[in-house]
Amino acid sequence: MSSVFFYALTGVGLFTLGLYALIVYTHLLRKILAINVMGSGIFLLLVSLAARTRGAPDPVPHAMVITGIVVAISATALALVLMLRLREASDRVELPEEPME
Amino acid sequence: MIMLWHNISWQAMPVLLPLVGAMLCFLLPQRIKFLGLMIALAIAASVFALLLQVLDEGVLRYSVGGWGAPLGIDLYTDGLSLLMLLMTALVGLGISIYAIAYFKSDKAVHFWPLWMLLWAALNALFLSADLFNLYVTLELLGLSAVALVALAGGANALGAAMRYLFVSLLGSLFYLLGLALLYHSFATVDIALLAQRIEETPAVWAAMGLMSAGLLLKTALFPLHFWLPPAHANAPAPVSALLSALVVKASFYILLRLWLDVFPPTNSMLVQFLGLLGACAVLWGGLQALRQTRLKMLIAYSTVAQLGYLFIAFPLATGMAWKGSLYLLISHALAKSAMFLAAGNLLRFGGHDRITQLDRVAQRLPLTLAAFALAGVSIMGLPPSGGFIGKWLLLDVALRSGQWWWAVILMLGSLLAAAYIFKVIGHAFTQAEVAHEAIEVSKMMEWSAFLLALAAIVLGLVSPWPLALMDIGSPFNTALSATCTSGVAQ
Chain A
1 MSSVFFYALT
11 GVGLFTLGLY
21 ALIVYTHLLR
31 KILAINVMGS
41 GIFLLLVSLA
51 ARTRGAPDPV
61 PHAMVITGIV
71 VAISATALAL
81 VLMLRLREAS
91 DRVELPEEPM
101 E
Chain B
102 MIMLWHNISW
112 QAMPVLLPLV
122 GAMLCFLLPQ
132 RIKFLGLMIA
142 LAIAASVFAL
152 LLQVLDEGVL
162 RYSVGGWGAP
172 LGIDLYTDGL
182 SLLMLLMTAL
192 VGLGISIYAI
202 AYFKSDKAVH
212 FWPLWMLLWA
222 ALNALFLSAD
232 LFNLYVTLEL
242 LGLSAVALVA
252 LAGGANALGA
262 AMRYLFVSLL
272 GSLFYLLGLA
282 LLYHSFATVD
292 IALLAQRIEE
302 TPAVWAAMGL
312 MSAGLLLKTA
322 LFPLHFWLPP
332 AHANAPAPVS
342 ALLSALVVKA
352 SFYILLRLWL
362 DVFPPTNSML
372 VQFLGLLGAC
382 AVLWGGLQAL
392 RQTRLKMLIA
402 YSTVAQLGYL
412 FIAFPLATGM
422 AWKGSLYLLI
432 SHALAKSAMF
442 LAAGNLLRFG
452 GHDRITQLDR
462 VAQRLPLTLA
472 AFALAGVSIM
482 GLPPSGGFIG
492 KWLLLDVALR
502 SGQWWWAVIL
512 MLGSLLAAAY
522 IFKVIGHAFT
532 QAEVAHEAIE
542 VSKMMEWSAF
552 LLALAAIVLG
562 LVSPWPLALM
572 DIGSPFNTAL
582 SATCTSGVAQ
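Chains as they are written, first to last, in this note's numbering: chain A, 1 to 101; chain B, 102 to 591.
Rather than coming from a laboratory, the hints here were simulated on the basis of the structure.
It should be emphasised that the depicted structure is a prediction, and the values quoted were computed from it without experimental measurement.
Virtual Cβ for every residue (Gly too), placed ideally from N, Cα, C.
Don't take every hint at face value.
Some chain A residues well away from chain B (every beta-carbon gap over 10 Å; in silico) [to be verified]:
| id | residue |
| --- | --- |
| 1 | Tyr7 |
| 2 | Gly13 |
| 3 | His27 |
| 4 | Ala56 |
| 5 | Pro57 |
Computed footprint of chain B on chain A; a stretch qualifies when at least three of its residues, placed anywhere within it, have a C-beta under 8 Å from a C-beta of chain B [as the list claims (entries may be wrong)]:
| id | region |
| --- | --- |
| 6 | 20-26 |
| 7 | 63-73 |
With beta-carbon atoms standing in for the labels, derived distance ranges [said to hold, decoys possible]:
| id | chain 1 | residue 1 | chain 2 | residue 2 | range |
| --- | --- | --- | --- | --- | --- |
| 8 | B | Arg461 | A | Arg87 | 36 to 44 Å |
| 9 | A | Arg52 | B | Gly166 | 28 to 36 Å |
| 10 | A | Phe5 | B | Trp566 | 28 to 36 Å |
| 11 | B | Ala520 | A | Ile73 | 44 to 52 Å |
| 12 | B | Ala520 | A | Arg92 | 31 to 39 Å |
| 13 | B | Leu500 | A | Arg52 | 49 to 57 Å |
| 14 | A | Arg54 | B | Glu158 | 23 to 31 Å |
| 15 | A | Arg92 | B | Lys544 | 37 to 45 Å |
| 16 | A | Gly13 | B | Val563 | 51 to 59 Å |
This is chain A alone, in the form it adopts within the complex (with noise of 0.2 Å):
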């Protein structure tokens, strides 16, 4: 197996162990991280993939990977201030379990 697989599975590997966390924990903070992993695990797949040919690797996905870093940080940081409002409106760091009347 070429290291470039080894690293693009690496990625689908990291994809699905955040999908398990987002589903299994309840805690925000940790479904937060989840979905970084899971971001973690494409942008790797992405810039492992790119070296797939001989000599310099292609730039393309390379610069997917900046632009999908941005809107990683940009998602993240308005998720922890939902989950701070929500936690100060309602003392609690978990979805409201049913869709409330």
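Position chain B relative to chain A; hints supplied.
Chain B in isolation, oriented as in the chain A frame:
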């Protein structure tokens, strides 16, 4: 001067104007309502100018900054994207006028910049020519929509916003993973280039599954609709309106583009499955809407049902069926925004939105109730509304191709819609047991809801025109349509 006018490509304007507008609204909070309205008018004008340009020159393609694919950003306008832009402009204008009267200045300083960013994201999404830009705009759209849901404050709205954020991010990540696989296989994310290079490989099937799953989650197709009713019902009225009318349509638009242009024609199992989910959504959403005690929850479940109709075009898959689905989409946007705005008026008027306690609002807020009823006509699909044209096209295709069971679903859906809409209208005419202090509702809020509902009806009367517009660039004339029709003929 005239030369300059002709040399302008109007494609960049519907993206640029709301972005600048968001910054201006953020920087000048004391003038925010005036600024907001001016920019909304300017955006609508730029979309209209783009319409004239497309009618004049046909399909447009524009490379931002002159770079071009693969590193630059390309904008692409055909009949499909133009109609989506027009729909957004019309609904956006109505919601903007409503929001001027609705929000007090403390909320307005947050609403306007976010709404402008959301509008920029929507316009950019409809104009994007490559899958990665679609991802970025999808994220921008999701983030601004989540922030708008949280605007209401309070534990309910914050909880709904948080859930919405996770759903939105999860959907986008699935989409991005699929995109990574597509780029790896074909070294491009440009929709037109992908369409030429696409082959049936396992990687493509995986990408198709991942991207479709992510987008279906964001479009809230049954059974992935769980997040929609709380998020749409707990937001302030103008926000509920734009979420239900526009935001869920954006992910549907991407799905449509992918299935029509990019993905290889599939076996009919998969499209039948999408149609089946759509049918379940129509029935389940209708039944749930009927059970609700709060008006905004009822309208939100009605959105779940109406989104189901859009997917019935997948198994039918002829040009006419896509047009019917698109017609339903546009008339739903107009009608549903009117309905949520009318509900906002009732909520402000009585201080609650419990359906059984709508105390004689028919006499006291006639214009608002007229807006609700007219929007209801389009949602039920009665003639001469836009909803009728859409359903008629779908019915026609379903019966012609011998797939009569979809026609039954369409009928049942209309019956359910009639049931839940008449339930509300019935209570609006009768006296409730508990009388409420009535708070006056601004005329601007009443008229903007009414005009949007009227637009949904008028859409049924001018049907040749939007249908002709849909043919520009013939977005529906694709391999998927061709194979499915031949499959049916066999």
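Hint-by-hint comparison with the structure:
no., hint, verdict
1, Tyr7, "13 Å, holds"
2, Gly13, "13 Å, holds"
3, His27, "12 Å, holds"
4, Ala56, "14 Å, holds"
5, Pro57, "13 Å, holds"
6, 20-26, "violated (count 1)"
7, 63-73, "holds (count 5)"
8, B:Arg461 to A:Arg87: 36 to 44 Å, "42 Å, holds"
9, A:Arg52 to B:Gly166: 28 to 36 Å, "29 Å, holds"
10, A:Phe5 to B:Trp566: 28 to 36 Å, "54 Å, violated"
11, B:Ala520 to A:Ile73: 44 to 52 Å, "47 Å, holds"
12, B:Ala520 to A:Arg92: 31 to 39 Å, "37 Å, holds"
13, B:Leu500 to A:Arg52: 49 to 57 Å, "50 Å, holds"
14, A:Arg54 to B:Glu158: 23 to 31 Å, "44 Å, violated"
15, A:Arg92 to B:Lys544: 37 to 45 Å, "42 Å, holds"
16, A:Gly13 to B:Val563: 51 to 59 Å, "54 Å, holds"
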